[in-house]
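Asker: Read top to bottom, the protein sequences are chains B and C.
In this text, residue positions in the first sequence follow our numbering: the first is 1, and each later residue adds one.
In this text, residue positions in the second sequence follow our numbering: the first is 1001, and each later residue adds one.
What the hints contain is simulated information worked out from the structure, not anything from laboratory work.
The structure displayed is predicted, hence computed values, not measured ones.
For glycine and all other residues, C-beta sits at the position ideal for the given N, C-alpha and C.
Any given hint might turn out to be false.
As the list claims (entries may be wrong) - Here are some chain B residues the structure puts well away from chain C; computed CB gaps all over 10 angstroms: (1) Ile13; (2) Pro21; (3) Arg24; (4) Leu74; (5) Leu100; (6) Glu101; (7) Leu106; (8) His148; (9) Val217; (10) His253; (11) Ser349; (12) Ser353; (13) Thr354; (14) Gly376; (15) Gln444; (16) Val450.
To be verified - Think about it this way: if two alpha-carbon atoms lie no more than 30 angstroms apart in a straight line, the pair counts; the simulated DSSO-like pairs of lysine-lysine are: (17) Lys66/B x Lys1117/C; (18) Lys1390/C x Lys117/B; (19) Lys1117/C x Lys117/B.
2 protein chains.
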Amino acid sequence: MTTTPRADRVTPISGFPEYLPADRIVEQRFLDVIRETFELHGFSSVETRSIEPVDRLSRQGEDADKEIYAVSRLAGGDGDEEARWGLHFDLTVPFARYVLENAGRLSFPFRRYQIQKAWRGERPQEGRYREFTQADIDVVDVGELAGHFEAEMPLVVADVFSRFPVGEFVIQVNNRKIPEGFYRAIGLDTAVGLTETLRIVDKLDKVGPATVTSMLVEAGASAEQAERCLALAAIRTDDLSFVDRVRGLGVEHPTLDEGLLALADVVRAGMAYAPGRIVADLRVARGLDYYTGTVYETQLVGYESWGSFCSGGRYDALASDGRRTYPGVGISIGVSRILGLLLGKGLLSASRSTPSAVLVAVNDEQDRARSTDVAGTLRSRGIPCEVAPKADRFGRQIRYAERRGIPYVWFPGANRETRADQVKDIRSGDQLDADALRWECPPQDLHPAVIRTS
Amino acid sequence: MTTTPRADRVTPISGFPEYLPADRIVEQRFLDVIRETFELHGFSSVETRSIEPVDRLSRQGEDADKEIYAVSRLAGGDGDEEARWGLHFDLTVPFARYVLENAGRLSFPFRRYQIQKAWRGERPQEGRYREFTQADIDVVDVGELAGHFEAEMPLVVADVFSRFPVGEFVIQVNNRKIPEGFYRAIGLDTAVGLTETLRIVDKLDKVGPATVTSMLVEAGASAEQAERCLALAAIRTDDLSFVDRVRGLGVEHPTLDEGLLALADVVRAGMAYAPGRIVADLRVARGLDYYTGTVYETQLVGYESWGSFCSGGRYDALASDGRRTYPGVGISIGVSRILGLLLGKGLLSASRSTPSAVLVAVNDEQDRARSTDVAGTLRSRGIPCEVAPKADRFGRQIRYAERRGIPYVWFPGANRETRADQVKDIRSGDQLDADALRWECPPQDLHPAVIRTS
């Protein structure tokens, strides 16, 4: 009754990363930190299905369309229903649909977090994946959304990132109303268009100010308009002085005033609760045109060229059912991007490749039940462990533990005089009498540690 | 710069379940229990990509083929590579590929757990989904796999299930060698065929013994062969007496002897470490023909008609690279199936719909920072909380907490004499002075509780 699969070649698929067990432990630690922090801040978990109707996904604009993975029954569908499904490419589109679908059963303002895979048919490159994990928070309300939520989002992210072993980071904030009011005041809205101007300014980091200037002029701006536009984008302060610097440019517009007030609230909260982490950076635009207020980007200091690891913003209409609209504010951590950097560059590793803190040795196969008893007792006390796979020479059993980084090997009845159990710390070689009901596993050894390797 | 999505209808897609926040909390609790228990038993986490080449998926036989969801770029691929991807329909096929791909970088025997979504294009029905979560453990070795792992698997599962709020459960075990040897000894292998006989006997629960008898006879068995076959399948004991009962049928075969010895080891371990949870049930066959030793099924007592919630078995060749084969034993918990039953029937619920244990009230919007300070202090002490969205009348702020099941509302400076903060348990109405640096949240209120509602 045995079937043997035919021998075959296996190859990775580019853009679909998979980790070995030790790196997966690092990923789990990041996901645990994110979840724990989101929950400390009172966000409820939501998980949506992986597929959405293609027409819902493709509403996000022409670029999204090209990147959608369509899903259909290999054998053909029961109807044509399945011919129109796609894998979600972010967590915002499915969340918007979830809010509409369950509006009557949710309490607003609704604080939700969502940690899931998403898929994009992009060409894979460093830090860009076709299957990747995102961790999002959003606060969504009905009709109106209070401005203080825009100040709260980056504080939650700062709390998450300060628990990561990633070093320094900076959350850059801007408010869409600042460039909008400013551009209107100097006539760029008619000369070039608001969205087009933002789109060009968004390239500043990549192409530099000279190219942006010529792009703006080519798009219809005067040299003076382009210059003032770049002067605005050059403003970056970690305190409230950005307000005076904008005022110093001598431009006035009621929308600009609104934006400055709102951004000052965000920066003020940052100064109070996450000092040094949140800066006003007036070049931050974010590509998506549905943002209407604060926008966020997050860079790791020293890795600015990798771009943003956590972005988002305020939108006036996440969704609408015709009668009501749902404004919100959200931010999304690119978990796979961060891990791609940290693991790809060898900056982090796990202290072992298994949860086991203890390997219980087996004296001989007839005596395996004794080792199983020890393991059961240790587990009942919360100590992860496993029993040796084979009653080998002890040297071999110790090597089994060593290969996996398991710090302790337990020897039932090893004390030759008293027949007491003994436990060996295989790093120091120390071997001492121990009782499974009482032995304390040092807290730093109970679970694998994540280690910064540079 | 505002775009408003057009108003639209949203409808669930059958077979793709989604939970409201309170039910999601129940699901998270189950997933946490599973992960924690698997890790206590020393299994390492692996997560594989969601897609596999279709030719790898479809190797599992004709039934699998029909249920595969194919994945391809909506806009067309760069080559034809993507035309041959499918979503995995279980976690065994991707794990087998992962083992082959990483064999040189894994330590064997390799103990891994994997908790992920899988997709099958089945017709949805009660407890059957098209997108569902599985939680698998397997132990895989190179060349040979020790028999004691077959006894270990159901002990891990019993440990998981005994931590679930699901009541009584029974893990039914059999060994493929028992029917194989028995059928060979009485000539059913030539009269009907081994696989075909197993396939028919597997229907016993559904169609009953009379129909199975006539199916066997129709397939070529004599009335006596069919009767003996059913006599074997009727044996079910929670101790080692099944061995004598099989012997009592007067059939001898070396493969049968092997199977009885191996199954006795599994049941003996069950009697020692999970008494009453593991029974020898000789009708258990499992559909998949790659099992070669112990096979497992798990039923919840009182919900036997739902079938098995956790199944698996021993296989001689999970994978092969031509030079080496990788035998293993594994078992898979159908997380979505269990939750479909427990949540669908309203047997479980969560005590609240948010992680927040405390709502910090806001006296007035000018004073919001004071409430944010309290929340920060509570969070630094591990207490999940949120600040009220609006400086409403306190009655409204309390109702905000009530609607979500948040047990405590914190009032900054509420003591009229001392200006001390106060905290109200909104269930009892008790309101007492409290200091955010010292207040102890009762442990049972710190996180949402999962409650059996029947």
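Asker: Kindly indicate which numbered hints from before are broken by the structure, ordering the numbers from low to high.
Answerer: 1, 2, 3, 4, 5, 6, 7, 8, 12, 13, 14 and 18
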